[in-house]
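In order, the protein sequences belong to chains A and B. All letters in the first sequence, in the order written, are residues 1 to 273 by our numbering. All letters in the second sequence, in the order written, are residues 1 to 491 by our numbering.
To be clear, the hints were calculated from the coordinates, so they are not data collected in a lab. Predicted model, so just to flag it, every value in this text is computed and none were measured.
From the structure, some residues in chain A lie toward chain B, with a derived Cβ separation under 7 angstroms:
#, residue
1, M35
2, I37
3, F55
4, Q214
5, P215
6, P216
7, Q228
8, T229
9, L230
10, I233
All residues carry an ideal CB built from backbone N, CA and C; glycine is no exception.
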Amino acid sequence: MFRHPNFLIGALLTGILCLAALVSLVWTPHAFDTMSIAERMQGPSAAHWLGTDQFGRDIATRLMVGARNSISVGVVAVGIGLAVGAPLGMYAAARGGWVDDLVARGADVVFAFPAIVSAILITAILGPGAVNAIIAIGIFNIPVFARVARGASLQVWGMEYARAGLAIGKTGFGVTRDHVLPNISSVLIVQATIQFAVAILAEAALAYLGLGTQPPAPSWGRMLFDAQTLMTIDPKLAILPGLAIALAVLGLNLLGDGLRDILDPRLRPERLG
Amino acid sequence: MNKLLFALAFAAALGTVAVPAHIAQAQAKDSLTLGFTLEPPHLDPTAGAAGAIDATVYSNVFQGLTRIDETGAVQPQLAESWDVSDDGLVYTFNLKTGVKFHDGTDFDASDVVFSFDRARAEDSVNAQKQLFAAIETVEAVDPSTVRITLSRPEGALLFNLGWGDAVIVAPESAENNKTNPVGTGPFKFARWVKGDRVELEAVSKDQPLQKVTFRFIPDPSAQVAALKAGDIDAVTNLNAPEAVLAFESDPGFEVAIGSTEGETILAMNNTRAPLNDVRVRRAISHAIDRKAIVDGAMFGFGTPIGTHFAPHHPAYVDLTETYAHDPEKAKALLKEAGAENLKLTLKLPPPTYARRGGEIVAAQLAAVGIEVEIIPVEWAQWLEQVFRGDDFDLTIVSHTEPMDIGIYARDKYYFNYDSPILKAVIARLNNTSDPEARDALLAVAQEIITADAVNAYMFQLAKLGVWRKGLDGMWRNAPVQATDVTGVSWK
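Can you make the complete structure from the sequences, with help from the hints?
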C-alpha cells in the first residue's frame with residue numbers, strides 16, 4: 001500500500017474532507033449563519049481562524065459545513081448513478097442484442113451533452129435548490145456507470161467461467177450475481193471515487209450559477225459566487241472556497257487512481273515480478 | 001526558453017486585448033455606450049410599469065408636454081408654455097411647432113389628444129392611469145394649442161405629464177411602439193438585439209452624440225469588468241456597490257453618488273395570515289436592522305427610511321425610530337400575536353439590494369424566531385408570481401417611481417393593503433394644490449402607513465453612477481426613471 005503515494009495523499013485529503021464534515025455535525029467554531037455586519041471581511045484571528053465573509057460570518061465554519069454539503073451531494077449523486085446505472089449496464093451485457101444496443105446508444109446520447117449542461121437543464125425544469133441539484137448530478141451519473149458496468153461485464157461474459165456458469169444451468173441473473181458483479185466491483189469502486197470528485201465539482205458549478213444550494217446554507221460553489229465581485233477587496237473570500245474545492249477534487253482523484261493501481265490485478269507489481 | 005516564449009506570447013495576448021479598448025476610447029467622441037442591469041420587456045413607456053422602459057427611451061426617444069429635469073423640477077418640452085385658469089381647472093398648453101415624429105409625420109395638437117385619450121381609455125394598458133385621473137377632457141383648440149379641463153384641481157398635473165407614461169405618441173405608430181418606438185425626441189430607435197442591446201441614433205447631425213447604445217449586463221462583476229475594459233462608457237446605477245470604492249480611486253473614472261426615488265422595502269402580503277395581523281408586521285419591522293442592511297448589502301450607500309417616502313423630499317417625515325431595531329420587542333409582539341415558530345417565504349428578484357439584502361433580512365428574522373425560506377426569482381417570475389399573482393409572503397423590491405405613496409390607496413396592489421382612512425387622505429391630497437397643505441397631507445399619509453406597518457421600510461436606494469472621465473452632463477440623481485442623455489457630451 002505504501003508503494004502508492006497517490007493513494008496515500010488522496011486518502012489523506014479525502015480523510016480531512018470527511019473529518020471536517022463529520023466534526024461539523026457536532027461542533028463548529030461558530031454558527032454558520034450568524035451574521036455580524038460590523039465584523040465583515042476580517043482577516044484570520046483567534047476568534048475567526050480563516051477570517052469572516054462579507055456578512056461577518058465565520059469562514060472556517062462555512063467551509064466545514066460546506067464540506068458536509070459537498071459530501072452529501074457526492075454520496076447521493078454517486079449513489080443514484082451507481083444504483084441505476086450499474087444494474088442497467090450489467091443487464092445490457094447479460095441480455096445483449098437490442099437491449100444492449102439501446103442502453104449503449106442511450107448512454108452515448110446522454111454523453112453527447114456536456115454533463116454540466118444536462119444538469120443545468122434539469123435544474124431549470126425542476127427549479128434551483130440543493131435537492132434538485134443532487135438529482136441532476138445523479139441523473140448524469142447514470143450513463144457513466146451504465147457504460148462502465150456494461151464494458152466491464154462484457155469482458156467477464158467473454159471469460160470461460162461465465163460461459164461455464166451458463167452451461168451448468170445458471171440463469172443470466174445468477175451468472176451476473178456470482179461472477180460478473182464480484183469481478184467488476186473494483187472497477188465500479190474506482191469509478192465511484194472519481195465520480196464523487198466530479199459530483200463535488202458539478203455541485204460547486206451549479207451553486208456558482210445560482211442553481212444549486214440556496215443561501216443561507218453554505219456551499220463552496222455558492223461562496224465562490226458571492227466572492228465574485230468582492231475578490232478585489234478581499235481575495236480570501238474567493239481563494240479559500242476555491243482551495244477547498246481544488247483540494248477535495250484532487251484528493252478524490254488521487255484516491256481513485258491509487259485504488260485502481262491497488263485493485264487492478266494487471267497492475268499488481270507481484271504479478272509483474 | 002519555452003517559458004520565456006510563453007511569457008512573451010502571454011504579454012502579446014494581453015496587449016491585443018488592451019489595444020482595442022484604447023482605440024475604442026479614441027473613437028468614442030460622438031458615441032456613448034451605457035451599461036444597465038435590467039433589460040426592458042418592451043419599449044413603449046405608455047404600456048408598461050417596468051422602469052427599464054423609461055430608463056431607455058424617456059426624453060431620448062419619447063417626449064411629453066413637460067419633462068422632469070435632473071433636480072426633479074418641471075420643464076417645458078413639447079409644450080413651450082402654458083396658462084392655468086384661476087380655479088386651477090383649465091390648462092392651456094402652447095405647443096412647439098415644426099416638430100416631427102421619427103417616421104416623418106408632423107406633431108400637432110391632435111397627437112396630444114390622441115395620446116391622452118388613449119392613456120385614459122377604459123381598455124388602456126397604461127401602468128399609471130392615476131396620473132390622468134383628474135382629467136375631464138382634452139381638446140385641440142388649434143393645431144398648436146391644447147386645452148385640458150380637469151374635474152377637480154390636480155396640484156401635480158404638470159409633474160404628472162412629465163412622466164414617461166404620459167409621453168406623446170402618434171396614432172400612425174402607437175401600436176408598434178413596443179418593438180419600434182417612434183417619438184419626437186432627439187434620438188430615434190435604430191435596433192434592439194434582444195438580451196444584449198438597444199441602439200439609438202441621433203436625428204440631427206449636429207448633436208454631440210450621434211449614437212447611444214444601451215447594453216444590458218445583469219451580472220454585477222460583468223458590469224465592473226465591462227467598464228474597466230472600455231466595453232461600456234458609463235453605468236448609471238452600478239449593481240456592485242463594493243466596486244464603487246475601487247472606481248473612486250481610479251483616475252480614469254468619475255463616480256457620482258446620488259439619490260434615487262427608490263424606496264427599498266421588505267414588502268409583506270397584507271392579506272395572507274399571519275401577516276394580516278398588524279402585530280406580526282410590526283414585529284418584522286422591529287426585527288430588521290436597517291443600518292446593518294445598508295452596510296452589509298450596499299456597502300453603506302443608502303439612507304435608512306421609516307416610511308414609503310424619499311428622505312430628500314421636503315415633506316419627508318423621519319419615522320425610522322418608530323420601529324427601531326429591537327429583537328426582544330419583535331419576539332414579544334410575535335408571542336402576543338400567537339405567531340411563534342413562524343415560517344415565511346422571501347422571494348428575491350435579481351438586483352443586489354434584494355439578493356444580498358435578502359440574506360441579511362433572513363438572518364435578522366431568524367434571530368427573532370422567524371424561519372425564512374429564500375426563493376430567488378427572475379424579474380419575469382417576480383412580476384408574474386409576486387406583483388400580479390399574490391403568491392408570496394415577503395419580498396424585497398425598490399419602488400423607483402417618484403412620489404408613489406399613492407400606491408397604498410389603490411384598490412388592488414400587490415401587498416394588498418386596504419385602508420379607508422389612507423384612501424381618504426390620498427383623495428384629499430389629489431384635490432389639493434396648495435404646496436403646504438399637500439406636504440401636511442403627505443406627512444399624515446406617511447404616518448398612517450408606518451403605524452399600520454404595511455411593509456418594513458428599509459432604505460432609500462442610492463444611485464451609484466460610474467463613468468469614464470470626460471463624459472459631461474450625466475445625471476447624478478434620478479428624480480424620474482430616466483437616462484436622459486440629451487444633454488450628454490464628451491469633453
